[in-house]
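S.K.: This is what each chain is made of:
2 protein chains.
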Amino acid sequence: MIAEAVTQYLRSNRQRHLAELFELLRFPSVANSEPHACRQAAEWLVRRLGKCGLQARTVATAGQPNVLASLHVGDDLPTLLLYGHYDVQPPDPLEQWHSAPFEPVVRDGAIWARGANDDKGQLYAHIMAIEAWQQAGGGVPVNLRMLLEGEEEVGSPDMEKFLAAHAGELSADAAVISDSEFFAENLPSITYSLRGLAYVEVTFRGPSADIHSGINGGAVSNPINALARLVAGMHDNAGRVTLAGFYDDVLPLTEAERQQWDALPFDQAEYARGLGVESLGGGEAGFSVLERRWARPTLDANGIAGGYAGVGSKTIIPAQASVKISMRLVPNQNPAKVVEGFRQYVTEHTPPGIRADVKLNAGARPVMLNTRSPAMEAGKAALAEAFGAAPAMVRCGASVPITELFQRLLGLDAVLMGFGLPDDNLHSPNEHYKLEQFYRGAIASAAMMGNMMK
Amino acid sequence: MIAEAVTQYLRSNRQRHLAELFELLRFPSVANSEPHACRQAAEWLVRRLGKCGLQARTVATAGQPNVLASLHVGDDLPTLLLYGHYDVQPPDPLEQWHSAPFEPVVRDGAIWARGANDDKGQLYAHIMAIEAWQQAGGGVPVNLRMLLEGEEEVGSPDMEKFLAAHAGELSADAAVISDSEFFAENLPSITYSLRGLAYVEVTFRGPSADIHSGINGGAVSNPINALARLVAGMHDNAGRVTLAGFYDDVLPLTEAERQQWDALPFDQAEYARGLGVESLGGGEAGFSVLERRWARPTLDANGIAGGYAGVGSKTIIPAQASVKISMRLVPNQNPAKVVEGFRQYVTEHTPPGIRADVKLNAGARPVMLNTRSPAMEAGKAALAEAFGAAPAMVRCGASVPITELFQRLLGLDAVLMGFGLPDDNLHSPNEHYKLEQFYRGAIASAAMMGNMMK
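Quick note, the sequences are listed as chains A and B, same order.
Here the first sequence is numbered in the working numbering, starting from 16 and rising by one per residue.
Here the second sequence is numbered in the working numbering, starting from 16 and rising by one per residue.
By construction, these hints were calculated from the structure, which means they are not laboratory data.
Treat identical chains as interchangeable: a pair holds within one or across any two.
Under the rule of at most 30 Å between Cα atoms (straight-line distance), these lysine-lysine pairs were calculated in the DSS-like manner: (1) 329 x 374; (2) 329 x 352; (3) 176 x 329; (4) 176 x 374; (5) 352 x 374; (6) 176 x 352.
The task is simple: from the sequences and hints, build the whole structure.
M.R.: Here is the structure:
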């Protein structure tokens, strides 16, 4: 439910809103490497929210600051907690971008920039909606809390502590998280389950320095060869993960979900084409592609490095090699238990002459949300209103750790109402966000606020 | 066989010879970065050889010049080709040197400088020997050819062409290459076989860009995981290489060689300590460590790279991953055939959704020398005479490409008669060369010339 004046206001202010988003996109706010840009982006958001009448401030963390904001409208009104993140993925590899990642441009009806979709473009929907209600709708119709995070792309290392410290300030009736996507263009979607994450790094150390591969080759364990063997052994020939106990707690897919997903307009060949692969080769045998992405746990190497990687040849047995691995977990797997199985596997598979070091970089629990809560129903109606189609109920293979933290620490079931499209190149070069999604996202956010009043 | 007067002359001129070597060591003749110093070193050698009565000159190549010299004594005398190289490894990392790399000093009975051993100190043995024969022995007793190379440490890129162009001028009855080492102190050694090399690089390409490991994980082949599986599969559980036909042409170790090597003073624990590993884990089952290093072919990854290798975590399935692999080949393996087997293996083991690219970077043939040739016998006797111990007959796991080039292009079996010791820090900071090896090397060279007359 949204006042016509609010919609009209959003329509009239499109160009200005776009220009504002461009300002935000120009901050290269990569959490690990650009603390200055992160602080600037956070302060920019504080100013912007202040202009909408919210009490807003940055709050320091062990890493990049978060933005907290609130608007109290009335004691008898429901309170909505809006979440987004202003930090972005690193833009590498830079040479693959068609335009500079932090110089946003509009091309082919879309905004092209790192963060255009994930998550600056999406979080901006709420700012536009708030402004529209304030300026044209007689004021925001609910109480608001807002949390804009600065370290989502690096696994929200400090968020658990942060939420515990600010639990009172963040108390609400429901949360809206806009950091997800439509199942397909013209098919708005609400995500009711997310995979969790266990992120580990293994370093294999052999000789104390790089040594001559001719003089010594054959005598010692080569850290790269040994690491390759370690990683290869983590899957069996059917694509199943071999870590002890890995599948013990996996919640089986219901028959209803399977039928729902089979009915989705999913074209495997088109999906493969979109990723640039000739065939969908990887993955666990016996499950459909959507099941493999949404309801089955996976293990993927995200990076590997060791020895000489420059141009030409260097004949060494390297002193060390290391690999980063992310495991995507499904309800009801426990990251700690999975990591324990991983450590055990590494211990059992480290060959003589190699010392192994396992480091846990990040963990997030999988989450399963109540699909029938009042907030969920409000979200479904808002999406239908803004995009003209009833939303599909889907899962997502990614982690949005805040969802599980809201549930566990604040007792809040979130509505994962995102506006991205599947081919927006999230986390990749040439990330973009359709203008239409940008504009309609604001309408959906405004409608959600209205619907909470029902 | 060496005239007593020649030995006496060498003893009397030690200080002057050492001072001359210091002059040569002061040229920072690094082939890739110091062309001026290389030219100076080459010209210094030309003048020095001229003083010994040789016809000497520098010969330009595509890179640094080589020095060619000759001395014709008599038509009925055998001709010996002496080889060394005046270029040196870069001295980095400089801060780890105890004294400046190009300011030679004597300390603890050794000469400390880059090139002190490899190869200026070793090649100088021949210059001292020639002078001694000329001044005190009634003249050099054989015809001489000398080749002092300027690009050995950068892989002799121009040498094949050079040898072809100067084949006539380099024709000889035997060659002596002094660019190797004793098996241990007080145990002179002759290397009669070297491993060859096939160097390849494999790139696995999957998605057209890095993609989100959560959203897509489970659906596609991950290039790193696939590459790990590829590399892991190149060895079986017994450490044997699985490439088709890999061992077909391997010349088996003779029982005599095995017994000879078992008798060498090789302390596995000390060798492992020197490399900084707790145990010698890698390698093919059923062979001793020396056999694995010298007589068995190996396959070692020299570098691997893919995805995100920076600090912290990035949750991607990378677009590609690649690995550099060197295979050390033994007689009678053929690099071209081995590479063919490698290509076939990659083709057969590339999973769906991955495109493979195989690149050949470098190849060198293994070499097996005649251990009973007259020159080889002359070398054995010369080392025994100079160092007071019969030389061990050893192989070496590395390649010294000139050896194979002499054999293949000039039809010359070389005697690999070097005077370095295993802990002289070749290619490392604090390279040094024992004075005793320096002086006795000259006696060995002089004796070798004498022995060729038998």
